[in-house]
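*Asks:* What follows is each chain in one-letter form.
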Amino acid sequence: MPVYEFGVELTVGDNTAFTVRGALRGLGYVDLDRVERSELLRLKLPEGGLSIDACGAALTHAEVVFNPNKHRLSHSGPDETIVYEAVVADVDDDSTALAEMLRDRFGIDGLEGVERAIAWRLFENGGKSAGAERLEWACTSLLANKFSQSFTVRRSPTRITGK
Amino acid sequence: MSEAGAAVDRQAARVAVVVFPGTNSEDETIDACRDAGMDARLFWWSEDPESLRAFDAYVFSGGFAHEDRVRAGAIASKSPLVTVVREEAERGKLILGICNGAQILAESGMIGDVAIGRNLPSRHYQCRFVDVVAGDEPGRCAFTRFLEPGASLRMVAAHAEGRFTGDARYFDDLEERGRIVLRYAGKAHNGAMHGAAGICNDDGNVLALMPHPERAAWAFNVAFDDPSLRSDEPNRPVGAHAIFESMARSLRDLKAVR
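Protein chains in written order, with our numbering: chain C, 1 to 163; chain E, 1001 to 1258.
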């Protein structure tokens, strides 16, 4: 079953990322310089279903997840980058309604399910990406609530922006 | 709301209603405290956290502190103000968190291993009157101790993230310890585990309460919904004001002990 991962990022200033920067610095991470945030959507399609490009095109019309005036849409490629990111998800998220809407109103035929998550990337002074341990600390300190969310730290995939 | 509320007894318990960027409901909360005889004032996030220690009790009121960025209450819970309030709670002072304030208390860990998640199944903001029922042991919490077991209070639920959640066994334990002091009558609109509307800590001096008592604390708040409350005194405290009256009586008792 193909699973396509899309990232939605703000093209305007991300106030939440800026607030997280201030909060993590306040918690002692004084070398933190910049925070990036992506909203992730993982679409589960049937074998032989729509291509990743067709899904991406459909998502650009679904304003509930993507606003062309302020968002950039990308999909994750097969290669990893050197940058780490923490992926945080609600453990009891129910995306049934979103999946139905994307399938029935926005033409992602056969869509079987959607998973949502937030990817956080932290950069220190000089542009160096935060390591995995630092991201785990950030998650346990602020970015993930252990009683209602889960997180994983991974190498960030390449993100391919649609045409 | 009442005339008496404006003239506060100088010996009255001092209550700080903490305001973060994005807090709302603080004025109604102040009024509700004053009408119950407490000396309440706003405490701004930019004030010196150490000066919080001079107060006898603290209220985190509703709203969207720091715009609910990351999660509702998450950023505020890391504030130095909350660190001071947590320390004062450990010394036995009373802490009430209403709605966003409850989320701040949950994020801070002051009510244990409890999280407040997005409403399910709706996943969206809901605003409605709700009836909240006292548990079997209202006496174990400073904010409910003068309620009768099973007493029903009408309050206003207004949240998108109000679902008390966590490990099922932990909630069974909360139930056994009587810490779910208030629960929704009937099925919880937000999917809260055990129908919890208000959870206190083990010592009973900290209460995280999702629905707003201060929005249903006077006759004029609820008379349009309940004609029996219509009278010539629309500013008369009713129903959910009992939470603040209980708080005030508990503070008087604490002062008497000290």
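These are computed hints drawn from the structure, not numbers from a lab. Hints should not be assumed to be uniformly reliable.
[Unchecked claim] No farther apart than 20 Å at their CA atoms in a straight line, the calculated lysine to any residue pairs in the SDA-like style are these:
(1) Lys44(C) - Phe123(C)
(2) Lys70(C) - Asp1167(E)
(3) Lys146(C) - Ala1158(E)
(4) Lys146(C) - Asn1201(E)
(5) Lys1187(E) - Lys44(C)
(6) Lys70(C) - Thr161(C)
(7) Lys44(C) - Asn1201(E)
(8) Lys1255(E) - Ser1152(E)
(9) Lys146(C) - Ser1152(E)
(10) Lys1255(E) - Arg1145(E)
(11) Lys44(C) - Thr16(C)
(12) Lys146(C) - Leu1120(E)
(13) Lys70(C) - Phe147(C)
(14) Lys70(C) - Ala1168(E)
(15) Lys70(C) - Asp1113(E)
(16) Lys44(C) - Lys1255(E)
(17) Lys70(C) - Asp109(C)
(18) Lys1187(E) - Asp92(C)
(19) Lys146(C) - Lys1255(E)
(20) Lys1187(E) - Arg1145(E)
(21) Lys146(C) - Asp1113(E)
(22) Lys44(C) - Lys146(C)
(23) Lys1187(E) - Pro1149(E)
(24) Lys146(C) - Arg1145(E)
(25) Lys44(C) - Ala58(C)
(26) Lys70(C) - Val83(C)
(27) Lys128(C) - Val83(C)
(28) Lys146(C) - Lys1187(E)
(29) Lys146(C) - Gly1037(E)
(30) Lys128(C) - Asp94(C)
(31) Lys70(C) - Arg37(C)
(32) Lys146(C) - Tyr1170(E)
(33) Lys128(C) - Ala58(C)
(34) Lys146(C) - Pro1149(E)
Since the structure is predicted, the reported quantities are computational estimates derived from the model, not experimental observations.
*Asks:* A separate judgement is required for each hint: does it hold in the structure or not?
*Replies:* Going down the list of hints, with the structure as the test:
no.: 1; hint: Lys44(C) - Phe123(C); result: violated (31 Å)
no.: 2; hint: Lys70(C) - Asp1167(E); result: violated (38 Å)
no.: 3; hint: Lys146(C) - Ala1158(E); result: violated (25 Å)
no.: 4; hint: Lys146(C) - Asn1201(E); result: holds (19 Å)
no.: 5; hint: Lys1187(E) - Lys44(C); result: violated (33 Å)
no.: 6; hint: Lys70(C) - Thr161(C); result: holds (15 Å)
no.: 7; hint: Lys44(C) - Asn1201(E); result: violated (42 Å)
no.: 8; hint: Lys1255(E) - Ser1152(E); result: violated (29 Å)
no.: 9; hint: Lys146(C) - Ser1152(E); result: violated (33 Å)
no.: 10; hint: Lys1255(E) - Arg1145(E); result: holds (16 Å)
no.: 11; hint: Lys44(C) - Thr16(C); result: violated (28 Å)
no.: 12; hint: Lys146(C) - Leu1120(E); result: holds (19 Å)
no.: 13; hint: Lys70(C) - Phe147(C); result: violated (32 Å)
no.: 14; hint: Lys70(C) - Ala1168(E); result: violated (40 Å)
no.: 15; hint: Lys70(C) - Asp1113(E); result: violated (37 Å)
no.: 16; hint: Lys44(C) - Lys1255(E); result: violated (61 Å)
no.: 17; hint: Lys70(C) - Asp109(C); result: violated (26 Å)
no.: 18; hint: Lys1187(E) - Asp92(C); result: holds (19 Å)
no.: 19; hint: Lys146(C) - Lys1255(E); result: violated (38 Å)
no.: 20; hint: Lys1187(E) - Arg1145(E); result: violated (24 Å)
no.: 21; hint: Lys146(C) - Asp1113(E); result: holds (9 Å)
no.: 22; hint: Lys44(C) - Lys146(C); result: violated (26 Å)
no.: 23; hint: Lys1187(E) - Pro1149(E); result: holds (19 Å)
no.: 24; hint: Lys146(C) - Arg1145(E); result: violated (31 Å)
no.: 25; hint: Lys44(C) - Ala58(C); result: holds (14 Å)
no.: 26; hint: Lys70(C) - Val83(C); result: violated (24 Å)
no.: 27; hint: Lys128(C) - Val83(C); result: holds (9 Å)
no.: 28; hint: Lys146(C) - Lys1187(E); result: violated (26 Å)
no.: 29; hint: Lys146(C) - Gly1037(E); result: violated (39 Å)
no.: 30; hint: Lys128(C) - Asp94(C); result: violated (36 Å)
no.: 31; hint: Lys70(C) - Arg37(C); result: holds (14 Å)
no.: 32; hint: Lys146(C) - Tyr1170(E); result: holds (14 Å)
no.: 33; hint: Lys128(C) - Ala58(C); result: violated (35 Å)
no.: 34; hint: Lys146(C) - Pro1149(E); result: violated (33 Å)
Checked against the numbered hints given earlier, this structure breaks hints 1, 2, 3, 5, 7, 8, 9, 11, 13, 14, 15, 16, 17, 19, 20, 22, 24, 26, 28, 29, 30, 33 and 34; the rest are met.
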